[in-house]
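Engineer: Residue numbers (the numbering used here), protein chains in the order written: chain A, 731 to 1268; chain B, 10 to 121.
It cannot be assumed that every hint is accurate.
Claimed, not checked - Label pairs and their computed distance ranges (CB to CB):
1. A:743 <-> B:33: 40 to 50 angstroms
2. B:113 <-> A:937: 43 to 53 angstroms
3. A:759 <-> B:57: 45 to 55 angstroms
Unchecked claim - Here are a few chain B residues that sit away from chain A, every Cβ distance over 10 angstroms (derived from the structure):
4. 48
5. 71
6. 80
Claimed, not checked - Selected chain A positions facing chain B (in silico; Cβ < 7 angstroms):
7. 754
8. 872
9. 891
10. 892
11. 913
12. 916
13. 917
Hints are computed from structural coordinates only; laboratory data are not their basis. Note that this is a predicted model, so its numbers are computed, not measured. Virtual Cβ for every residue (Gly too), placed ideally from N, Cα, C.
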Amino acid sequence: MVEPAHLVVAPILVPLVTGALMLFFEDRERRLKTALSLVSILALISTATALLNTVHGGGHAASLVYLVGNWPAPIAISLVADRLAAVMLLLTALLALPAMISATQRWEKVGPHFHSLFQFLLVGLNGAFLTGDLFNLFVFFEVMLAASYGLALHGGGALRVRGGLNYIVVNLVASLIFLIGIAMVFSAAGSLNMAEIALRAESMQGFALPALHVGLAMLGLAFLIKAGMWPLGLWLVPAYSAAAGPVAAVFAILSKVGVYALLRLALLVPNKGIAFGSLVIFIGGVATLVFASIGILASQSLKRAAGYFVLMSSGTLLAAFGMSQSAVTAGALFYMLSSTLAVGAFFLVVELIEREQDAASSVLAVTMEAYGEGEEDMEEEEAEVGRTMPGAVAILGIGFCLLAMVLIGLPPLPGFLAKFAILTALLGPEASVPAASNFMRGTLAVLLIASGVVSLVALSRAGIRVFWAPVEPFLPRITVTETAPILYLLGLLIALVLAAGPAMNLFLATADDLHHQVRYLDAVLGAERVPPFAEAHP
Amino acid sequence: MELVIAAAIGVLSASGVWLILRPRTYQLVIGLALLSYAVNLFIFSMGRLRVNAPPVLDGSAPVDVTAYIDPVPQALVLTAIVISFATTALFLVVLIVSRGMTGTDHVDGREG
Chain A
731 MVEPAHLVVA PILVPLVTGA LMLFFEDRER RLKTALSLVS ILALISTATA LLNTVHGGGH
791 AASLVYLVGN WPAPIAISLV ADRLAAVMLL LTALLALPAM ISATQRWEKV GPHFHSLFQF
851 LLVGLNGAFL TGDLFNLFVF FEVMLAASYG LALHGGGALR VRGGLNYIVV NLVASLIFLI
911 GIAMVFSAAG SLNMAEIALR AESMQGFALP ALHVGLAMLG LAFLIKAGMW PLGLWLVPAY
971 SAAAGPVAAV FAILSKVGVY ALLRLALLVP NKGIAFGSLV IFIGGVATLV FASIGILASQ
1031 SLKRAAGYFV LMSSGTLLAA FGMSQSAVTA GALFYMLSST LAVGAFFLVV ELIEREQDAA
1091 SSVLAVTMEA YGEGEEDMEE EEAEVGRTMP GAVAILGIGF CLLAMVLIGL PPLPGFLAKF
1151 AILTALLGPE ASVPAASNFM RGTLAVLLIA SGVVSLVALS RAGIRVFWAP VEPFLPRITV
1211 TETAPILYLL GLLIALVLAA GPAMNLFLAT ADDLHHQVRY LDAVLGAERV PPFAEAHP
Chain B
10 MELVIAAAIG VLSASGVWLI LRPRTYQLVI GLALLSYAVN LFIFSMGRLR VNAPPVLDGS
70 APVDVTAYID PVPQALVLTA IVISFATTAL FLVVLIVSRG MTGTDHVDGR EG
C-alpha cells in the first residue's frame, strides 16, 4: 500500500521514466511507444484524480506536502499538492490524452522522438504545478520549455522554424529574467521556499522589502511573458499557429503555467492586503483581451484565430485575477478549465479543416512548401490506413459549432457558466469591493461580453466560409483516431456543465485557499517527515 | 571588489541586450551567452561577496557560520550554467536549421 503522501511525486516520476524508457526504442516501434504513452497518461489521470479526491473530497487534509529526501520542512525541497495544483494536474492529464492520441494518426511519424518529448513536456508541466520552491519552479519551467522547443519545431518546414526561432529567443530571455528575479528574492528573503519567503515577507523591514518587491516584479515579468500578456506575448501566435495540431492543443495549457505561477506567487506575498502587483496584472489582462479580440477579427486563417483564442483566454484570466477577489478568482478558475479544453479541441478541429483546404484559400496559414509536404504525407496515410469516417463534414461541423459556443460563451456550455460566474461575482449583490474600484469591475464586465461578441462575429464568419460556402466542395477525409479525441474533449466540456455545481464548489474552495495564504504556509512549514526520521511528538 | 563585479555585470548585460536587439542570428546567440554570464555573476553576487570564505563546511571542528559563505547561490549558479548551456546549444541547432531553410541569417527568415 502506497502512502498517499508518495502519490504527490508520481506525476513527475511517471512521465519522466516513461519518456526516458522510450528513448531506448527506435522510432519505428510506434505501437509500443503509443502504448507506453497511453499507460503513462492514464496513470497521470488516475493519480491526479486521486490527489484531487484526497485534498478536496476527504475533507481532512487540504493539501499534501512531500518533502523530497525527507529533510525537515523549510530545508527540504517541498512538493505541494493543494487544490489548485491538483486541478491543474488533472487538467494537464485530461488534455494530454486527446493530443497524444490524435498525434498517432500522422504527426508522430514526421519527426523523431515525438512521444519522449511529449512525456518530458508533461514532466515539466506537472513539476511546475507541484513545486513549492522557486528554483525548482525555474528548473521545471526549463524542462517544459526545452521539450516545447522540440515539439514546436516538430514536423519541420520554414514557417515552423521561423515561428519557433522567435519563440525560443523570447523564452530564453524570459528564463534569464526569471533567474534575476530568483536571485533578488533570495538575497532579500534568504530562502527559496515560497512559503518561507511569504512568512519572512510579513516581518521584513528596511531595504529588504523593496528588494523583495523588485525581485517579485522580475519573476512576474517572466511569468507574464509565458502567459502571453500584451505586449510581451507577440511571439505566441506565430509559434502556436505554426505548430502541429496536437502539439498546439497541448500548448494551450503551456500559457496557463505562467498564469498559474503568477496567481500562486502574487497571492502568497500580498501587498497591503491584495495580490502583489494586481493593478498591473489587471491592466495587462485588459490590454491582452483587447489585442486578442482585434487579432481574432483580423485573422485570415482559423489556426491564427486559435492562437489568438489562447491569448484571449490568458487576458481574461489575468484581468479577473487582477481583481484580487475570491469569488472572481473562482469564476476565473472555471473559465481556465473550460477555455483550455475548448482551445485545445479547437486546435484539433482546425487542423482537420485546414489541411483539406486548397492552398490558395489558406492564405497565411501554410506555405506552399509546407502544404505540399503535408499532402504527400497524407496520401501515404491514406494508403496505410485506408479507412476514413463517413459523415466527416457533419462531425467536424457539429464539433466546430459546439466549440464556438464554448469560446463565445453561449449557454448552456461551460464557457457561458464561467463567464456568468465571473460576472455574478463582479456585479452581483454580494460583490464586495475592498480591492477593485467600480471602474475596474465595469471595464472587465464590458470586455468579457464584448470579447464574446467579437468571437461570435469571427467564428460565424469562419464557419460559414468553411462549411456553408466553400470555394471548392469541402470533403474532409478523417479517421476515427482523429475524431475520437475531439469527441472526447466535447464530452468533457459537456460533463463540466452537468457537474457544474460540484465543480464550482471546488473552485470556490480553491480560490478561498488561495486568498488565505496562511493555510498554504501552515501546510508547507508544518509538514512532517515520514517514519524513519519522524520527529517525536510532544 | 563590489565595484568590479557590478561593472562586469553591467557591461556584460549592456552588451548582451544590445546584441539581442540586432537582426542577425549569430549576434543573437552571442548576446544571449553574454546575458547569461551576466545573470550567473549576478546570482553569485547575491550570496554576498567575501574573500577567503569557503562554501563547504569543515565537519572536523565546531562550525563557525561566520567563517563560511552561503553555498546556495553557488549551487544555483551551477544549475543555471548547465541549463543555459544546454538551451544555447539547442538554439544553435535551430539557428542553423533556419539558416539552411530560409537561406538567410536574419531573425525573421527574410531580409529587410
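Engineer: For every hint, state whether the structure bears it out.
Structural biologist: Tested hints:
Distance hint check: the CB atoms of residue 743 (chain A) and residue 33 (chain B) are about 42 angstroms apart, consistent with the given range 40 to 50 angstroms. Between residue 113 (chain B) and residue 937 (chain A) the C-beta distance comes to about 49 angstroms, which sits within the given range of 43 to 53 angstroms. A beta carbon spacing of about 53 angstroms between residue 759 (chain A) and residue 57 (chain B) agrees with the range 45 to 55 angstroms that was offered as a hint. Listed as outside the interface, residue 48 (chain B) is inconsistent with that label: its C-beta sits roughly 5 angstroms from the nearest C-beta of chain A, within the 10 angstroms cut-off.
For residue 71 (chain B), the condition that its CB be more than 10 angstroms from all CB atoms of chain A holds, with the nearest at approximately 21 angstroms. A cut-off of 10 angstroms between C-beta atoms confirms that residue 80 (chain B) is not in contact with chain A; the least separation is 12 angstroms. Among the interface hints, the one on residue 754 (chain A) is violated; its C-beta lies about 21 angstroms from the nearest C-beta in chain B, farther than the 7 angstroms criterion. This hint holds: residue 872 (chain A) has a C-beta 5 angstroms from the nearest C-beta of chain B, less than the 7 angstroms allowed.
Satisfaction of the interface hint for residue 891 (chain A) is found here, the shortest Cβ-Cβ separation to chain B being roughly 5 angstroms, below the 7 angstroms cut-off. For residue 892 (chain A), the interface hint holds, the least distance from its beta-carbon to any beta-carbon of chain B being 4 angstroms, beneath 7 angstroms. At its closest, the beta carbon of residue 913 (chain A) sits 4 angstroms from a beta carbon of chain B; the interface hint therefore holds under the 7 angstroms criterion. Residue-level restraint check for residue 916 (chain A) holds (minimum Cβ-Cβ distance to chain B is 6 angstroms; threshold 7 angstroms).
The criterion of a C-beta within 7 angstroms of any C-beta in chain B is met by residue 917 (chain A), whose closest approach is roughly 4 angstroms, and the hint holds.
Consistency with the previously given hints fails for numbers 4 and 7, ordered from lowest to highest.
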